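Enquirer: Start counting at 1 in the sequence shown, then tack on 336, and there's your number in my numbering.
Derived from the structure by calculation, the hints contain no laboratory data. Everything numeric in this text was worked out from a predicted model, so none of it was measured. There could be a bad hint or two in this list.
[Claimed, not checked] In silico DMTMM-like links for lysine to aspartate or glutamate, alpha-carbon gap of 25 angstroms or less:
#1 518 - 423
#2 518 - 484
#3 518 - 580
#4 416 - 484
[What the hints assert, rightly or not] Quick list of simulated restraints, FRET-style, between CB atoms:
#5 537 - 505: 54 to 62 angstroms
#6 484 - 553: 45 to 53 angstroms
#7 529 - 567: 53 to 61 angstroms
#8 500 - 441: 21 to 29 angstroms
#9 505 - 429: 52 to 60 angstroms
#10 472 - 519: 22 to 30 angstroms
#11 416 - 552: 50 to 58 angstroms
#12 558 - 581: 29 to 37 angstroms
#13 584 - 548: 43 to 51 angstroms
#14 464 - 568: 47 to 55 angstroms
#15 415 - 442: 23 to 31 angstroms
#16 505 - 396: 22 to 30 angstroms
Here a beta-carbon is modelled for each residue, glycine too, at the ideal position from N, C-alpha and C.
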Amino acid sequence: MGKGQDDRDRQKNEPRSRRAERRAAERRRTQADAKQKPDHPDSEVTNRRLIVGGVIAVVIVAIGFIAFGWYQTEIKPFTKTVLRVEDTKYNLSHLQRRMQLELDTGFNFSLGTSSILNLPDFMISQLEGEASLLEGIGELDIEVTDEDVAAEIRRRGGLADDVEPNVFADEVREQVDRSGLKQNEYDLMLRGFLAEQRAHGYFVFLGSTEEPQVRGRMIILRDDDPDAEEDANAVLTRLEAGEDFMIVALEVSLAPNTIEIDWFVRDGEPTVFE
Numbered sequence: 337m338g339k340g341q342d343d344r345d346r347q348k349n350e351p352r353s354r355r356a357e358r359r360a361a362e363r364r365r366t367q368a369d370a371k372q373k374p375d376h377p378d379s380e381v382t383n384r385r386l387i388v389g390g391v392i393a394v395v396i397v398a399i400g401f402i403a404f405g406w407y408q409t410e411i412k413p414f415t416k417t418v419l420r421v422e423d424t425k426y427n428l429s430h431l432q433r434r435m436q437l438e439l440d441t442g443f444n445f446s447l448g449t450s451s452i453l454n455l456p457d458f459m460i461s462q463l464e465g466e467a468s469l470l471e472g473i474g475e476l477d478i479e480v481t482d483e484d485v486a487a488e489i490r491r492r493g494g495l496a497d498d499v500e501p502n503v504f505a506d507e508v509r510e511q512v513d514r515s516g517l518k519q520n521e522y523d524l525m526l527r528g529f530l531a532e533q534r535a536h537g538y539f540v541f542l543g544s545t546e547e548p549q550v551r552g553r554m555i556i557l558r559d560d561d562p563d564a565e566e567d568a569n570a571v572l573t574r575l576e577a578g579e580d581f582m583i584v585a586l587e588v589s590l591a592p593n594t595i596e597i598d599w600f601v602r603d604g605e606p607t608v609f610e
């Protein structure tokens with residue numbers, strides 16, 4: 337029989353007290369070996385994760401500070417309101433986009449550098465006028481509806497009234513992209529344009545198409561003569577009596593070649609000609 341079997345036989349023949357002592361000694365050796373072993377691998381992984389997590393947290397905080405500073409200096413100023421008319425607000429980025437659109441489409445560069453420098457003031461006045469008009473046209477029984485805006489988009493795009501919805505949507509996107517504005521900004525600009533057109537038509541309708549006019553002619557007399565006032569009254573008396581204006585003017589005027597002036601709206605001519 338083998339050695340292993342002999343060991344087992346000897347263990348069976350050992351007294352019970354000896355076997356107990358031997359088992360106790362084996363347990364003590366096992367516990368001592370366990371104390372000398374390094375930490376469990378799971379503990380090492382956890383520690384590494386904690387360290388990496390701490391580093392990541394520090395990096396995130398640092399990035400947050402940098403992003404906050406960048407936002408405060410680069411982004412936030414463009415959200416600042418530069419114009420407010422009733423409930424309509426315009427921020428700096430909106431103003432910048434409208435100025436760029438003006439430069440791209442309607443600005444007269446031949447006016448020189450001074451005009452470019454005055455562009456912000458001009459555009460603020462333009463936006464203020466649009467917003468004020470949109471706020472006030474209701475008092476004139478004038479309104480600009482969504483359909484009015486859609487019709488203006490179709491007109492600018494050369495589209496028929498019964499254009500397909502998808503074609504119309506493509507045209508809207510194209511016009512907005514071409515303008516450089518946001519959708520709501522482009523819509524507001526179109527509403528301001530339409531409001532101005534209708535207000536102009538409203539006041540033209542109220543205005544008179546005819547005005548009585550009078551013919552302006554003059555007789556020049558000396559005013560440094562002691563008898564100047566008397567001479568002027570004498571001329572006026574002759575005219576009121578029915579004498580021909582041209583005959584009297586050629587006779588007494590110091591500048592007979594400048595008798596004819598122009599036609600004036602009645603009650604609008606200078607007092608001296610009344």
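Enquirer: Output the numbers, in ascending order, of every earlier hint that fails for this structure.
Expert: Result: hints 3, 4, 5, 9, 12, 13 and 16 break, sorted rising.
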